[in-house]
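Protein sequence lines, in the order shown, are assigned to chains A and B. My numbering numbers the first residue of the first sequence as 1 and each following residue consecutively. My numbering numbers the first residue of the second sequence as 162 and each following residue consecutively.
Quick caveat, the hints were computed from the structure, so don't treat them as lab data. C-beta: ideal position from N, C-alpha, C; glycine also. The hints are all genuine.
Which stretches of chain B does chain A cover? Using the computed rule of at least three CB atoms under 8 angstroms from a CB of chain A, they are:
1. 293 to 305
2. 344 to 356
3. 420 to 428
4. 434 to 444
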Amino acid sequence: MRRRPWLIPVGSPLQILLLLCSFALAGYAGVRLLEGDWFQIALWFVGAAIVHDLVLVPVYGAADRALVRGCRPHVSYVRVPAALSLLLLLVWYPLITGRVADRYSSGTGLSTDGFLARWLLITAVLFGGSAVVFLVGRRRSGGGSPGTPAPRTRSVDGRDL
Amino acid sequence: MVRDGLFGPSPAYGRPMARSPFSPSFWRSPLRGPWLTSVLGVVLLGGITVLFVTGLVSYAAYNPNLAPVNDKTPDKGILGFYLFSWPTDPHWLYRLNQGIHVTLGITLIPVLLAKLWSVVPRLFTLPPARSLAHALERISLLLLVGGALFEFVTGVLNIQLDYIFPGSFYTLHFYGAWVFIAAFIAHAVLKMPMAWRNLRQLREEKNDLVPPDPAEPTVSRRGALWFVGGGSLLLFATTVGQNFDGPLRRTALLAPHGGAEPGSGPGGFQINKTAAYAGIRAAETDEEAWRLVVEGRNGRTVRLSRTDLLAMPLHSAALPIACVEGWSTSDQWWRGVRLRDLAALVGYDGDPPDVLVESLQRRGAFRRAALRANQVADSHSLLALFVNGEDLTPDHGYPARIIVPAAPGVLNTKWVARMTFGDL
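Could you build all of it, start to finish, from the sequences and the hints given here?
Below, the structure written as structure tokens:
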């Protein structure tokens with residue numbers, strides 16, 4: 001028997017049933033979520049996914065490619081501290097930039113002044129730590145690059161030469 | 162042989178890089194594959210379940226069914242099916258629950274980002290739907306990804322007091338969580354069998370996530386997982402301290418209530434909203450001006466000055482301040498009049514009822530808040546006049562504030578002006 005080509009297949013009925021149940025619950029909550037400024041709320045909801053998938057991922061992907069091109073074979077020593085530092089900035093952006101300084105200080109009695117300095121300090125420690133690991137690795141591998149370990153030479157008492 | 166980065170041209174294969182993300186060979190990271198996605202998925206399955214449950218518990222802690230003033234989501238309908246009378250014991254219950262909710266949420270951010278990265282090629286799958294079931298699943302994925310990001314973004318902004326989201330945090334975060342969890346449950350049911358299989362097999366299945374034309378690896382899969390875990394650990398280590406006083410709080414280097422205390426001395430501990438922020442004027446709170454009005458729904462009313470309150474039996478309780486924003490203080494030593502003794506003043510002897518508490522404050526979503534009878538009855542529930550052996554400071558609610566075991570911070574009303582006892 002030939003299948004009519006313009007009909008798309010149905011797929012698993014169990015899966016369809018599960019997804020319809022899921023949509024029923026999401027719809028029940030979604031109607032309540034969208035009360036108020038429905039357009040803005042929907043924009044935030046859908047926009048979060050779009051901004052992440054079509055802006056954030058391509059941007060950090062491109063930055064990573066550029067880094068790999070520039071820093072190979074030692075890319076991890078830059079990539080790891082840079083990514084961790086940017087992660088902290090992404091999460092604590094409002095406090096680090098001080099964009100909530102007035103509300104924060106009048107509300108909590110604290111100041112946002114220290115956040116930028118502390119973030120920079122953590123960033124410095126991350127890069128500093130990475131540099132130490134790099135140098136230790138290079139010393140262990142006898143002056144070569146730690147990414148491509150050279151054969152080890154050890155003195156009689158077991159310390160690296 | 163020269164090879165470029167994750168997506169670069171690949172002379173070794175003698176053909177140009179795929180320009181379109183709709184082409185499978187565009188995606189070249191050798192890290193992607195069912196094993197990595199399954200590991201991250203299993204971590205999120207556990208983590209997000211805990212986030213959802215602690216979120217529901219926190220919602221219940223506000224006693225939204227008790228009185229309209231406590232309920233920021235009056236249209237919740239069946240979504241409030243599980244609500245229960247919030248207990249007062251153990252006294253650290255809300256502190257623990259909310260500490261877990263917020264600290265774990267922040268810790269999971271790198272895992273969420275890594276999980277989304279690991280499946281991003283699927284966004285560009287062609288044809289868009291292979292079947293009706295697949296089409297529905299892809300619509301569900303928009304709710305899943307949008308919902309996850311919506312919940313994390315609103316949570317992270319709210320704890321930093323950056324109220325740029327379009328509406329009340331309670332409404333958005335609560336209903337958003339239900340939309341998200343609906344898609345999350347469906348996704349977990351559909352994907353878990355495969356994820357378990359992927360994790361239990363030593364040799365992984367090939368699927369569409371494995372790049373057909375992988376770039377040379379710059380890090381191993383294990384290394385990538387360590388990297389994600391390191392990000393989580395860094396966020397955890399710089400956040401968790403905001404739930405403890407003393408040197409531990411100083412370790413929370415970037416958390417909103419980490420670092421130094423706002424003041425020194427007995428009243429120097431963390432403040433939710435200062436007197437200036439709440440619009441409290443010193444002239445309203447001095448000995449001459451301030452009177453506490455205690456009313457019963459039976460018609461009896463008593464007006465008390467602070468001196469009158471000091472003449473009543475005073476009791477002590479060691480209780481924390483625990484905020485919905487995921488920070489808390491260690492136990493502070495409060496001293497004041499028991500709520501049930503105040504109820505007795507207006508005729509409710511023995512069996513205290515609910516109470517509606519009103520503050521002098523001019524702004525704030527919780528300047529009026531209701532406490533349930535079991536909270537009023539607890540012998541550690543106080544109208545506090547002192548903290549840590551001194552008068553309350555203005556920022557901690559002078560002349561008098563509520564302190565109730567296990568209650569969310571905002572229900573511990575500061576600058577109390579009026580208390581109305583009687584079933585709500």
